[in-house]
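Student: Residue numbers (the numbering used here), protein chains in the order written: chain B, 21 to 178; chain X, 21 to 178; chain U, 26 to 106; chain V, 26 to 106.
It is worth saying that the hints were derived from the structure and are not from the lab. Remember, predicted model here, so these are calculated numbers, not experimental data. Each residue gets a CB set at the ideal place from its N, CA and C atoms; glycine is no exception. Heads up, none of these hints are tricks.
Computed, partial: chain U to chain B, Cβ under 7 Å:
#1 33
#2 34
#3 35
#4 75
#5 77
#6 84
#7 100
#8 102
#9 103
#10 104
Which bits of chain X does chain V cover? Going by a derived footprint, with three or more residues having C-beta under 8 Å, they are:
#11 67-76
#12 131-142
#13 156-166
Which chain X residues stay away from chain B? Per the calculated CB distances, all over 10 Å, these:
#14 25
#15 28
#16 63
#17 104
#18 147
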Amino acid sequence: MSLLAVTPDPLDLPALIRSVSGSRAGDGAVASFVGLVRDHNQGRRVSFLDYEAYEPLAVRALTRIVDEIAQAWPDTLVGVHHRTGRIEIGEASVIIVVVSPHRAHAFAACRYTIERIKQIVPIWKHEHFEGGDVWLEGATADPDDESARQTAYRIACA
Amino acid sequence: MSLLAVTPDPLDLPALIRSVSGSRAGDGAVASFVGLVRDHNQGRRVSFLDYEAYEPLAVRALTRIVDEIAQAWPDTLVGVHHRTGRIEIGEASVIIVVVSPHRAHAFAACRYTIERIKQIVPIWKHEHFEGGDVWLEGATADPDDESARQTAYRIACA
Amino acid sequence: MRVTIRLFARLRDLAGAGELVRDVEGPATVQSVWKGLVAEMPSLGEYERTMSVAVNADYSRMSASVNDGDEVAFLPPVSGG
Amino acid sequence: MRVTIRLFARLRDLAGAGELVRDVEGPATVQSVWKGLVAEMPSLGEYERTMSVAVNADYSRMSASVNDGDEVAFLPPVSGG
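Just chain B, same shape as in the assembly (with noise of 0.2 Å):
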């Protein structure tokens, strides 16, 4: 199992949680993160979401995140499965799984991938809710920019 992909399976956490530390029986911390879609958003009641990327480049901007953190936390190991196309409500979105001799990396790792996926990569929710639908829109992606990757260093409490 790749441990970066964009795609319009359902996202399986125990197995990319097995794929992530199954090489690393040296390493006791694995933190994770996942995002479900919530039933409401900004006061509106939400249906379900459907998720756009620009597939080619998504993948892009999650390696680079990935080689950042390896700079940043060079122990660590990180997986991150996004979905696509309709999502219900409940159903996951995103998948993050961080492995580390020190759960303080894998916390801050963790932490660091979801903001930097925020930041930019080519992912758009279209919102549909009862009476009608939006597309959301969130940071102008510029993985160019120090200042907005230093923001998510520091929410990640390096």
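Guided by the hints, dock chains X, U and V onto chain B, whose structure is given.
Tutor: This is chains X, U and V only, laid out in the frame that chain B set:
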């Protein structure tokens, strides 16, 4: 499934995630931590670990941690299962799951939980390594030690 | 020369298509491709200050040159996770 | 009066038993129970400064009083997780 448990059975992260997040369709962030038995420790080649618990007090201490989290991050829900008995290399000794509408709270409460477990939950690792065995001893448990609690809170990056 | 233009999310909805093939004058830049696109579909213009751009599925800049056969993408602010 | 003493981890190994029943003089405290135990098994004494104590499966203090039928536990520094 009980959200807090000290049990000799193998731990089931997906089941605990379902239990914690199942009733909270409004919460989008799930942070989790898994502690795996490592194949080495302090230069020793570890064969397996044997965990002993003072079970009723351990459950009480976990309940106390959950109460502390309810004070600090009222929008979170926490599940913790700690395994006892013989645990092989690569198997999980502890799993922690936190759901919240806010990923910052989910991460903080998850990290806080593992720090507090190491401070105040009466569980002991008996390490069996090549050539011998040793009881590991960490913190003198004192749930009323406010400075220890503050340290855990600070490490959680709240 | 000929380029493929990729549009995503609301930019795609505004344009009514996610992929357009256009003949452009050389020498071209991402900027000149964008200007041609907005001349054709003015409603896209609102994204000029907030979008990102990519050439051949790699992040790029408005000033980057564009060659025959390139894929040029215009990306609204992202919202993954 | 009679108390049950619980010992864990290396304290249990040192004592050779995880559960002991002892008759103690009242009025008793956790401290007096501990003193009686160390008099019987001096090797346990090394834990006096680092251990925690519990009465009836609730954390307690050396000064706490102990009643007939209570369970008094002595706990080495913990190492869960």
